[in-house]
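2 protein chains.
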Amino acid sequence: MTQLAKVESNAVSGDRKTVVRSIIDKVKADGRDALTAPEGKLVCDAYGIPVPKEGVVTSAADAAKLASSMGFPVVMKIVSPDILHKTEAGGVVVGVSDADAARAAYDKILSNAKAYKANAKIDGVQIQQMLTGGQEVIIGTVTDTSFGKLVAFGLGGVLVEVLKDITFRLAPATKADALSMLDGIKAAEMLKGVRGGDPADRDALADIIVNVSQLVSDFPEIGELDLNPVFATKKGATAADVRIVLDFTAKPQRRRYTQEEIVQQMNRIMKPKSIAVIGASAEKGKIGNSVMRNLIDGGYKGKIYPIHPKADEIMGLKAYKSVKDVPGDIDIAVFAIPANFVAKVLVECGEKKITGAVLIPSGFAEADNAEGQREVQEIGAKYGIRLMGPNIYGFYYTWENLCATFCTAFDVRGHAALSSQSGGIGMAIIGFSRSTKMGVSAIVGLGNKADLDESDLLTFFEQDDNTHIIAQHCEDLKDGRGFAEVAKRVSKKKPVVVLKAGRTAAGAKAASSHTGALAGNDRIYEDVFAQAGVIRARSLREMLDFARGVPKLPTPKGENVLIITGAGGSGVLLSDACIDNGLKLMTMPPDLDAAFRKFIPPFGASGNPVDITGGEPPVTYQNTIRLGLSDDRIHALILGYWHTIITPPMVFARNVVEVVEEMKAKGIEKPIVVSLAGDVEVEEADEYLYAHGIPAYSYSTELPVAVLGAKYKWARGAGLI
Amino acid sequence: MTQLAKVESNAVSGDRKTVVRSIIDKVKADGRDALTAPEGKLVCDAYGIPVPKEGVVTSAADAAKLASSMGFPVVMKIVSPDILHKTEAGGVVVGVSDADAARAAYDKILSNAKAYKANAKIDGVQIQQMLTGGQEVIIGTVTDTSFGKLVAFGLGGVLVEVLKDITFRLAPATKADALSMLDGIKAAEMLKGVRGGDPADRDALADIIVNVSQLVSDFPEIGELDLNPVFATKKGATAADVRIVLDFTAKPQRRRYTQEEIVQQMNRIMKPKSIAVIGASAEKGKIGNSVMRNLIDGGYKGKIYPIHPKADEIMGLKAYKSVKDVPGDIDIAVFAIPANFVAKVLVECGEKKITGAVLIPSGFAEADNAEGQREVQEIGAKYGIRLMGPNIYGFYYTWENLCATFCTAFDVRGHAALSSQSGGIGMAIIGFSRSTKMGVSAIVGLGNKADLDESDLLTFFEQDDNTHIIAQHCEDLKDGRGFAEVAKRVSKKKPVVVLKAGRTAAGAKAASSHTGALAGNDRIYEDVFAQAGVIRARSLREMLDFARGVPKLPTPKGENVLIITGAGGSGVLLSDACIDNGLKLMTMPPDLDAAFRKFIPPFGASGNPVDITGGEPPVTYQNTIRLGLSDDRIHALILGYWHTIITPPMVFARNVVEVVEEMKAKGIEKPIVVSLAGDVEVEEADEYLYAHGIPAYSYSTELPVAVLGAKYKWARGAGLI
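Quick note, the sequences are listed as chains W and B, same order.
Quick note: the first sequence uses the working numbering, first residue 1, plus one each step.
Quick note: the second sequence uses the working numbering, first residue 1001, plus one each step.
Read the hints as simulated data drawn from the structure, not as lab findings.
Values in this document were obtained by computation on a predicted structure and should not be read as measured data.
For every residue, glycine included, the Cβ atom is placed at its ideal position computed from N, Cα and C.
Nothing false has been slipped in among the hints.
Residues of chain W clear of chain B, computed beta-carbon distances all greater than 12 Å:
(1) Arg32
(2) Gly48
(3) Tyr116
(4) Gly134
(5) Ser274
(6) Lys301
Here are the computed lysine to aspartate or glutamate pairs in the EDC-like style, where the Cα-Cα straight-line distance is at most 16 Å:
(7) Lys310(W) - Glu283(W)
(8) Lys1478(B) - Asp1522(B)
(9) Lys1186(B) - Glu161(W)
(10) Lys235(W) - Asp207(W)
(11) Lys1488(B) - Glu1526(B)
(12) Lys1164(B) - Glu189(W)
(13) Lys1437(B) - Glu681(W)
(14) Lys234(W) - Asp201(W)
(15) Lys186(W) - Glu1161(B)
(16) Lys1175(B) - Asp1201(B)
(17) Lys192(W) - Glu1161(B)
(18) Lys286(W) - Glu1616(B)
(19) Lys1286(B) - Glu616(W)
(20) Lys1437(B) - Glu683(W)
(21) Lys164(W) - Glu1189(B)
(22) Lys437(W) - Glu1681(B)
(23) Lys1121(B) - Asp1082(B)
(24) Lys1192(B) - Glu161(W)
(25) Lys1065(B) - Asp1098(B)
(26) Lys437(W) - Glu1683(B)
Just chain W, same shape as in the assembly:
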């Protein structure tokens, strides 16, 4: 039996995991970390990754024989565990075109190898069918500290190297994920065949992606795997070269609770019946005083236990020396004491069976005290106390009148749940929310994320009926994979918006010196967020506007967006904004076009945008909006208002709301956003429209469309359209 035949027989007969396990075990036993080419082929065969026909020979005569049986041309390569850089060693001959050439190449490779490394162990020479034609692509995997195993896809050559045109998905990837990768690169068109070339076999490429991603998921020891290049032809795809590098070092795992445990814990933390304030103080200016005041002034109805080493009473409430002295149960303890006292008190909290500790103090990892943070982390894990922070402002949960924070009290109830890794961003959330009357259900500071992180919040907000949208600012994800898994589920129910700071190299550097956040390759975040249905905000204001606007909009039932505008100029900018935000301007069917024409002046433009022109009375806006809402083929409206004497801003606003409510009474609801162009009175119209569930922005054509775009992104990700 030839070597080739053995390989094939093994791959077909064995269970694929057993085959690969035995290879990896052998590599490990040999003290190696890279697979040889024949080993790589065995692995590929086991996982259904097509590779060229090949075999290893140990004589020039066998070389000629095997090559002839495969068909020419072939590539010949040295096989030696001691020679990794084969080309450098003169161990590769390409384009071997006949039996004589194969014999000559065999001899040449062997003599080159001996010259390169005299004592190299030589297993033979590999003969491989040479692939020609088709589109060159690269399929590989990487192991990311936060996201774990990822599969990568890109086109071969300069497109990956120079233009970094590459896309990632979490492994294992589904077939749908894999197909989306083929469309996810900038040069996607090349796979469809250019310059008269054949299209690449999408199905075959997707299968390789799926199989590779399954392979690295089954074997976490595979640190890197590269198929480079893979030749994709009209029918089939074959990996011309396989490189597999193993990494046997164990990776530390962040402690994970089950989703049920998290729901239980988080409900006790976010809706506590009783709160201990560690370091409560009657002295103004102290953090422990601000926390007490915010709890009391905020109107929290549960029990508040001030904890203080000496005081008997603080702000009219009985004080205790320790949480252990408190007679009843305590759900959470808010820490307002210096970092170095935290560990000791946390142990007492554990003994008291407190569920959550809100660690306001700074002076941990962010201040080079990683050791101190690890200590509290271990105490938390030991007693099962969930830790929020350290290094945070605390948190708000408005539906329980709960302001467990040293910041200003906040009472604008609503349905947006926001969180931030940074305190400053938390304050910006509070200010924006109050200023724009954006109701929030919760604002949570996550700080150093010693324990509680974005995923825990997602799990809580998912089942929290007071929350309709979740918006999170983060600088890193401690467990990106865990986040993606939860986000993928939660985003099916509620929009999840993330502002990932440290997008750029400069930002990542600033983040690492600020909270020690290690921001990774931004393209990975970009792709994983998309895979998980997360809406990515590009800026702080965008995150805030999405949190404010997106939950106002009903879910669209389809992709057809129509612009109705009084200002032609706004129509142009709104159209640009639609493209920028991935919205589809519907193509107007002739009958609908005619129907709109009935309401607009002859010099107005129908089509899309419907330009009703500037001088029209309120009834023209009403008629066209009513038609836009009534016709089933239209799924969302963007209105462009132009301030005129004949239709002043508030008249317009009231008219819009009137039609919208008239249609709602008939069971028709569609997302509507408004851009207003006019003198300052338009700002009052903004507020009125927003208060009536219609996101409206003056002096901007891009913000309203961005909000609608975010709603669409969510609805698509959730599979609702």
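Put chain B on the given structure of chain W with help from the hints.
Using the frame of chain W, we list chain B on its own:
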């Protein structure tokens, strides 16, 4: 003398324009519109565009002889005025490797050509040195309706075809323009040599670009010119294929006035001593009444002549039947009459020697009445009356208390001059300006731009001392080349911001149905704007914020930007925003680092951002800002403020202004922008800071940095840093 020798001799001896003129004349005389390959080579030789050695032969024997003299391999191609698609005709053989092959190829090409087109006139077979190796690039030219001749550069193959990675400059391009093109493509790195390859000869490529762009500028008849591919090696670059297509149809030229004429005209229009209101009316709701009221209520001090067919007096002013009845001179006439009466009255204005007509009426080109527009255009040209509009709201010039418009009166004087093609956008400008107290010098409606356009405004605002920044919204540029020429000059003195609507295909379509604006390839706009030093706004709000913020900032003296922040989280987002906006975060020298460390707590982070941490008193902000302003190595500051009890927003704001004014007294001025994170009180701080010349934005890390980025873009374009 061989054909080849003749060609060479001609090219060397003749004046280059004479050489090319004679070729073009011959092509025209022949009734052709494309140059043959030998003609193309002659043109290239004349303009110093390197092409492969070549010659035309008329026998198989000569083919072998000439090819041997050049060195193999060679390419052989049919030369026939009747066969344009040579490959299709089987008229091309590549890789001819020796004399025998050359003979065989000659015979094959001839028989193929005869088979393809029996009666084709055959001039011979061209033999060309075959280029191999090096980087393939494309250099070409296009003729744009608005911008005229442009030179284009991109990498060969898929990069141009699939990724549209191409860059344009107005022809003729300077050497600096040409070099900037090499860096202006996404795949620029490839020219530097990748995968161990040689870098391309930048100098040689730039010379070809310059020469090609000069050639098409010298000969407007050259409609298209393509050098595809050009092979660029380490030393030299050679165009392997030349395609030149001529277009002898005459292009209509938009009437151009000299810059001196425009300055004179525009000064009379923008600062008129007397205004006639055509269609003045006492009846509320009429446009002619709104115009009268705005002129009077706005406080205009010049003479106002109401023109009305019957009235003797309107709003207390003597009315006239015609402008010709008015005793004194009239500078401008504001038209508030229906479109169909405009032409007749415009003739009277011409006879009265009125300089400018403000054509408010719609009903011209935008309403399918191109004929009516052409009529008034011709009257304007005949009498030398400059036309503003038609289809506009009019214009404001605040420093003359002039509101020549039917919109609301506007009186917030300042230094930003804005214009818009669309009326709705004009209203948004007015609202935003009033709301944010952005002082403006002028707001101008340009509408259909039958005559006056963005360039005329640039020429006026350039010499208008009341204007410090010019911001223009446009949907097209009727004369893009004229605009670019003026903008290039003006932008050296004052920032020019342009919001080009119709960026996307959908937007361009909306523009064409709205005002008939023909938006071209957006990449051309992008590149020409950059070449002309124009700052491109990406959105309406951005244009408005640039107009408001950029003139507040002093010009930076260098590229070193420093972030000082109380909120580490803002520092990260501000860093991201710096990269997004092309700003360079300075690398902190050790001595400066140490100097900052003296002012901040030990757990604060120096480096850049300087993270002073959140709990600091006002003096820490002051100390670090003072140091930032004092040290010569720092050229601009970005401040991140975090609302705390110890440093409340207004305390922060006053402290910043105090230090800035202290340093200004010492002659030190640097651009400073501020991002504020905090509760709603920060909004008051925004206003205070802005009023004191420091652009400040709450709840946003990106807007202040975008404003600073725009200032930098301008300063770089103007050659000031």
